[in-house]
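K.L.:
Be aware that the sequence shown starts at 1, since it is given in my numbering, and climbs by one per residue.
In short, the hints are calculated from the structure, not lab data. Don't take every hint at face value.
Straight line, CA to CA, 25 Å or less: simulated DMTMM-like cross-link-like pairs of lysine to aspartate or glutamate [unchecked claim]:
{"#": "1", "residue 1": "K124", "residue 2": "D97"}
{"#": "2", "residue 1": "K64", "residue 2": "E86"}
{"#": "3", "residue 1": "K83", "residue 2": "D135"}
Pair ranges (Cβ atoms, derived) [claimed, not checked]:
{"#": "4", "residue 1": "R41", "residue 2": "H130", "range": "22 to 28 Å"}
{"#": "5", "residue 1": "K98", "residue 2": "V9", "range": "17 to 23 Å"}
{"#": "6", "residue 1": "K96", "residue 2": "D37", "range": "31 to 37 Å"}
By construction, the Cβ of each residue, glycine as well, lies at the ideal position given by its N, Cα and C atoms.
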Amino acid sequence: LGSGVSTLVAAKSGARKVISIDNSEEFGGKTVTMIKDHKVRGVEVRIAPLQPYANGSTWYDTSKIKDLKKIDLLIIDGPPGSKNPEARYPALAELKDKLSAKAVVIIDDVHREGERKLAEDFAKALPNHHLVILDHEKGTAVISPR
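Produce the complete structure using the sequences and hints provided.
P.N.:
Right, dumping it as structure tokens:
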């Protein structure tokens, strides 16, 4: 969730298929250009505008993710969360059941309260996984199989 360098890194790491979801035509377009510049295949960037969500926040247009299943790597770095601590929280409800059993979930910016709560709750929802917090400038959570 969110596109950019992480999309390129995932594609270059040997993933057969990478799907990035971005709410911004501008950032999504920059990602597409970067992917083309690096001659990477198997990448799809979907633009999913933010829409009102049940928690009172906004989140991606869920029609853009309905077909996703058996996700092996979920990187959560969007939608922008600096102004709303709950901005990324819908990822748990919308994507948990779309993860493969061996999925790894990476959540950026976990030094922010909302992202930290999301990481802890994601780890609780995946009982065969454990949570590691990488302590750096913004913090990153890695939730991976035990």
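K.L.:
Against each hint, give a clear statement of whether it holds in the structure.
P.N.:
Each hint, compared with the structure:
no.	hint	verdict
1	K124 - D97	14 Å, holds
2	K64 - E86	20 Å, holds
3	K83 - D135	22 Å, holds
4	R41 - H130: 22 to 28 Å	33 Å, violated
5	K98 - V9: 17 to 23 Å	21 Å, holds
6	K96 - D37: 31 to 37 Å	34 Å, holds
Hint compliance for this structure: hint 4 is the single one not met.
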